[in-house]
Each structure stands twice: as C-alpha cells, then as structure tokens.
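Protein sequences appear in the order of chains A and B.
All the letters of the first sequence, read from the start, carry residue numbers 1 to 456 under the working numbering.
All the letters of the second sequence, read from the start, carry residue numbers 1 to 275 under the working numbering.
Just so you know, the hints here were simulated from the structure itself, not pulled from any lab data.
Fair warning: this is a prediction, and the values are worked out from it, not measured in the lab.
Check the hints yourself; a few may be wrong.
[What the hints assert, rightly or not] Chain A is nowhere near these chain B residues, computed Cβ spacing over 10 Å in every case:
{"#": "1", "residue": "Asp115"}
{"#": "2", "residue": "Ala149"}
{"#": "3", "residue": "Asn188"}
[What the hints assert, rightly or not] Covered, in the sense of this in silico footprint (three residues per stretch, anywhere, with C-beta under 8 Å from a C-beta of chain A), are these stretches of chain B:
{"#": "4", "region": "19-28"}
{"#": "5", "region": "191-200"}
Beta carbons: idealized from backbone N, C-alpha and C, even for Gly.
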Amino acid sequence: MKETPLSNCERRFLLRAIEEKKRLDGRQTYDYRNIRISFGTDYGCCIVELGKTRVLGQVSCELVSPKLNRATEGILFFNLELSQMAAPAFEPGRQSDLLVKLNRLLERCLRNSKCIDTESLCVVAGEKVWQIRVDLHLLNHDGNIIDAASIAAIVALCHFRRPDVSVQGDEVTLYTPEERDPVPLSIHHMPICVSFAFFQQGTYLLVDPNEREERVMDGLLVIAMNKHREICTIQSSGGIMLLKDQVLRCSKIAGVKVAEITELILKALENDQKVRKEGGKFGFAESIANQRITAFKMEKAPIDTSDVEEKAEEIIAEAEPPSEVVSTPVLWTPGTAQIGEGVENSWGDLEDSEKEDDEGGGDEAIILDSIKMDTGVEVSDIGSQEMVFHHVGQAGLELLTSDAPIILSDSEEEEMIILEPDKNPKKIRTQTTSAKQEKAPSKKPVKRRKKKRAAN
Amino acid sequence: MAEPVSVAAEYLAGSRARAARTVLGQVVLPGEELLLPEQEDAEGPGGAGERPLSLNAGARSRVRVVCGPGLRRCGDRLLVTKCGRLRHKEPGSGSGGGVYWVDSQQKRYVPVKGDHVIGIVTAKSGDIFKVDVGGSEPASLSYLSFEGATKRNRPNVQVGDLIYGQFVVANKDMEPEMVCIDSCGRANGMGVIGQDGLLFKVTLGLIRKLLAPDCEIIQEVGKLYPLEIVFGMNGRIWVKAKTIQQTLILANILEACEHMTSDQRKQIFSRLAES
Chain A
1 MKETPLSNCE RRFLLRAIEE KKRLDGRQTY DYRNIRISFG TDYGCCIVEL
51 GKTRVLGQVS CELVSPKLNR ATEGILFFNL ELSQMAAPAF EPGRQSDLLV
101 KLNRLLERCL RNSKCIDTES LCVVAGEKVW QIRVDLHLLN HDGNIIDAAS
151 IAAIVALCHF RRPDVSVQGD EVTLYTPEER DPVPLSIHHM PICVSFAFFQ
201 QGTYLLVDPN EREERVMDGL LVIAMNKHRE ICTIQSSGGI MLLKDQVLRC
251 SKIAGVKVAE ITELILKALE NDQKVRKEGG KFGFAESIAN QRITAFKMEK
301 APIDTSDVEE KAEEIIAEAE PPSEVVSTPV LWTPGTAQIG EGVENSWGDL
351 EDSEKEDDEG GGDEAIILDS IKMDTGVEVS DIGSQEMVFH HVGQAGLELL
401 TSDAPIILSD SEEEEMIILE PDKNPKKIRT QTTSAKQEKA PSKKPVKRRK
451 KKRAAN
Chain B
1 MAEPVSVAAE YLAGSRARAA RTVLGQVVLP GEELLLPEQE DAEGPGGAGE
51 RPLSLNAGAR SRVRVVCGPG LRRCGDRLLV TKCGRLRHKE PGSGSGGGVY
101 WVDSQQKRYV PVKGDHVIGI VTAKSGDIFK VDVGGSEPAS LSYLSFEGAT
151 KRNRPNVQVG DLIYGQFVVA NKDMEPEMVC IDSCGRANGM GVIGQDGLLF
201 KVTLGLIRKL LAPDCEIIQE VGKLYPLEIV FGMNGRIWVK AKTIQQTLIL
251 ANILEACEHM TSDQRKQIFS RLAES
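Isolated chain A (complex conformation):
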C-alpha cells in the first residue's frame, strides 16, 4: 500500500508546534516515550516497546567453522526486518533503502564497538566457534525504529544463554541445558542508540521523534553510546549542516539518556532473573496479563492543560497589531480627516533628514531626533498630553502616548497630539549609537514614511 501522504496543514501545524516547543503527545523536547521491556520464556527473546513502536528480538546460536582470517573469534550476525504489520507502507519489495540504512547502523553500533567478546565464543580454534545470530523484527512503526531496535538487540544479547561446552584435550563436550545450566554471553558494555531529529535547518531539535515528527524533520543524528560515556557510533543523515556545539550538546544529552535506559534494562533483566529463580511464571503471556486482547487502553498524554485561556489572552495582547490596519484618523482641519498613510511622498526628500520608521499602522512611534512627517509638520512640544519616554539602553527610544486624536494643521505652532499609543512595550528598537540616527534594522516589513533617496 502506498503511504498516506502528509497534508500541508499537518506539516505546518507540526512545525509551528515545534517552534513553540510543543509536541503532539505532550512530551518535552528531551523526553523519551515510555520504554517497556518484556521477556519470553526462552532465553534471548524479548519485546521492547518504545511508546507504540515495538521490536521483537531473538538471539540464537550455532556451532560453525570460523572465518579463515579470524580463526579464534566467534561470528556475530545481525538482522533487522521490517514486518508488513508494522506499517502499511512496508511491502516486501519496497523497503530497501530504509532497511539497508537501519541494518548498517545496527551493525556498526554492535559489531564495531566490540561490545561482545568474540574470543570467548571460540570453542576449538580454527574448527568450531559459536555463531550468534540476532534477529530483530519490527512489529509496529511509530517512529524511531533505530533506538528501539538497538535496545532490543542489547537486551536480547544480555538475556541470552548459550549451551555450556567443555574441552578436554581433543574431546569437546557440548552439554544440553538439562545437564548443565546454559552460560550467558560475555558482554563488555551496552551500546544504545539515541536519535535526535532536527527541524528548520538545525534550529530546533527533538529527542525520540515519533512517526509524524519523522515525516517533517530535516535531518536525523544518531549517537550510539554506552553508560561509560563512550561514543560507539555517530551518524548524521538528511544532509543538514550541524555545528560543532550542537553535536557536543547532543552527545551530552545522549549520555544522560543512555544512563537512564541502561538502568532500566538492568532492572528488567534483574526482575526476570528473580522470577525465573523463584520458579514464578514468566514469559510474554504473563507480562501482558492485565491487558485485554482488544486492548482498550491508552497511556495518558502529559499535555499541559493549565492556563490555557489566559495564555490565549496573553498571546492576543502581545501580538503585533496588523501592520496594514490604520485606525488613526488624522484630523487636518475641522472637517477634513485622513485615514491611512496614503501613497509615499514622491516629491523626493524635502529635507536632508534621516528616515523614520513606523511601528506598524496606528502606532505612531517616532524617533525624536528628526521628526518629520510627510506633511512637513513638526512635532513640537507635546506638553499637555501625557507622554512617556522610555530610554532603553543608550539610544533606543520609544514613545507612549495616551489616547487623543491627532490633529494636524498647517500651522507649525500648534501642538501635535498623537492618538493610538504604542501599546507594545516589546517593540523596543535598539539602535547603534551614532550622532546621526541610522535606520534601525527592523525585521517586519515596515512602512517607511520617507524613503531615503540616497540609499536607493
């Protein structure tokens, strides 16, 4: 089946939500989903659930002849399969890219890091060694396959027991599990992959992306680390450019997460060990006992529901007023008013003055230094009206006035009264100190009252 396409509105919503640091299921930026590890009745069989993503891992072993150039080492074999039940888009012929990438990453993480002691898998040098095979099956795809798969692989390897072997001279005895207890593998450390998804060209980052977030991400960084803070593998895909400090920050986060996950794994292994020793029931059937087959159960999503209404008011209050709306009627003379800016003055610079910037329509924040309006009327002493000047920093100035109609007249002696105060204290323009007022770099498209001809 073809994958359901991602609609524009979903993409836009997800990106906007990420900009506001909100995720669909209410997690924080660095939060993992709930990890559940359950073991089967056989040694070496486990299911790892990372949120809704489920991976089944199974380890098996066999006695084979070793490779010719590594006669004293055992053989490790990893295989991840994307089952068709994981997602409708996974079809037998269609998964090759993703499959190869995941398999390769898993191999690098587990084989090249030498987490398993292959020398201990040798039985008779040059003739018989153990071949350990790890098979991983993806049962459900809800994002971040690689993390779940790496956890499943290492848990299965830690849980696995191989049959005991003894060598006496030329005689090799392989004991069945009934004769002698099977022996665990010799594992040096537990490398675990942590995924970071990047959005908007590396500006925003999320740990443990789920399926929706994976669809809109720009790039993915996977760091495989163990609890001793040793990096086993790093892979960056998607072609985004990451800065050095971003990668360092991710590795720090990965260190914290790996420590937590390793603790969880050790606890799960210990529990299972205890249950088996005490003779209690173990296996998959026991671990999902309290869920019905129809599974009418959903985890609580930790969405922040506090202050929702006030937040809306705050947002509306702080929002920038629409720049095109001018609500200030400018009264020229009794009987003549102007609403709106009109077209720009095309007569050229009337005076050799600096540009002025507007703070959006309606709000007449004026630089005090050279205050010239298109009409050429100067703002003179505004005495009787209330005006508040805020000196911000060295040079940023802002004008807050109270409500009063703007009455302009050709007479330059009359007082200028300004309507529509600048409600927004956030619109603080910091300007470089200079004798002349330079144009402040403004991020919004502002309507300039006067165009500097020289700059054109």
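Place chain B on chain A using the hints.
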C-alpha cells in the same frame, strides 16, 4: 464487553437460525443467520421445518426491511458478515420494518456512496485531482465539482490540501469518485479545508458515535473553547482552535474518548473547565 459469547456459539453449533428480534444488542458472529419477524411463525419453535400448509401461501404480508452494514440478504434471511452488536431502528413513519445493522469496530475505511470524508490531494492530473481517502484506491475529484467552478474559473487546490467532500460513486468494481457540491450545486460546507489546524485519525466507530445526534462529547467540547472541527467518515478529524496548545488538547481528548468511560470523561472536562 463481557458478552455471553458462549450462547452464540451454542446456537451456531446447532446451526439454527435465530430470530433477529431476540438477538438485538447482543454480539453476533459472521456466518449466523437471522430470521426476520415475519418468518418466525413459519419456522416454529422446535425448528422442525414443517410448514403448516396454508391456502394463500404466497400472500404473506411483505414488510420492507433495510439491511444495513454488516448484514447481507441470503435467501429470505439475514446473514451476518461482521462481528459486533446487532442493532435495529424502528421505521420513522409507518412503512417498512425498519433498519437492522451490526455495530462493528474497525480502523480501515471502505468507501461508501454518500459518505462525507476528508481527503488529502495527492496529484493533479489534467482535469482531475487524485485524493487519498484511506481506502484501497485514491478517489478522483473533478475540478468542476466545486461550487462556482467553471472551465475558466478553476478552484485553488494544491497538492497536500485537505478536501471535505462526498462520494458519488463508490463500489468495489470502480475507483471511487467524489464531489464537493451537493445535488443542488451548492457547497454546503464541502470544499477545501482551511490552512491551519491539525488532522488526526481515529477509529470509524468513534466517528459514528461523535456524529450521532445529541452527542454529549461534542457538546462538552464546545463549551470548553471556541473551535472548528470537521469529521470525515473515513476516520479523519480536522480540528482547529485559537492556539496550538488548545488544538493539541482537543486532539488528545477526542482520541482518548475512545478509551474512556463517561465518568472519566466528565472528570477530564471538569478539570479542563477549571483551569
């Protein structure tokens, strides 16, 4: 959900058709045959199969019964094809014997004529748009099926937009076709859905529950915040509220309504209303 399924199994073992009337509200399994009320007398309680001879054998009063989803006509009985609870609705005004259907739960949608669905435009080719509705094939939507659309005046639809429309052709032999106008040529709420908001997927049963008349959930949600919401019968819901947080809360509530009892739901709503 602790239905006495064993009772059904016992009947199946005896392979005796039950009267539909007696099974209302109980779980039925595929393969069961149900008798309509008029046929019960003919069968008799013992199922012996002997029909009393009657002189006017063909003149039984025929009542028109509508066979809804999950049921199929098999001879003069009803054959159950989906597992779920059997439901019946009395006829509104006199004629007919009402509607029988099976309330089943599934997430995969099969296009049905007349259903209003939310689709995602996947391709524009010539005169038609290909719209993914969650079925086995993408539906086709002609650009003339929008209100006020003419050959010169094409609707502004891009790939990736959301469309709310209804099916005019939907059967298992042809690809489904949908339109965004009703029979009078008016849009009636259909067309391109606006730019913001969140689209998410739920089960088909939840959609039918939410669209039922006097649904409590919708009334309570409406009291929380102002919102816009569109339900598609293919399991897709589009929701939009003033802020992103509110939209996320609404989406999570609706998804969770599937799994909550009404008490839990009332608790959640009262907690939200306070904050």
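Query - Status of the stated non-contact between Ala149 of chain B and chain A (beta carbon gap over 10 Å) - result: Ala149 of chain B clear of chain A: closest Cβ-Cβ about 21 Å, beyond 10 Å.
Query raised in the report: Is it the case that Asn188 of chain B keeps its Cβ farther than 10 Å from each residue Cβ in chain A?
Result: holds, 21 Å
Query - Given coverage of the region 191-200 of chain B by chain A, tested with a Cβ cutoff of 8 Å and a minimum of 3 residues - result: That given contact holds, which follows from 7 residues of the region 191-200 of chain B lying within Cβ reach (below 8 Å) of chain A.
Query raised in the report: Are three or more residues of the region 19-28 of chain B within 8 Å, CB to CB, of chain A?
Result: Three-residue rule not met by the region 19-28 of chain B, so violated; n is 0.
Report task. Verify that the Cβ of Asp115 of chain B lies farther than 10 Å from every Cβ atom of chain A, and report whether the claim holds or is violated. Result -> The claim holds: Asp115 of chain B sits with its nearest Cβ about 18 Å from chain A, beyond 10 Å.
This entry does not satisfy hint 4, going by the numbered hints stated previously; all others are met.
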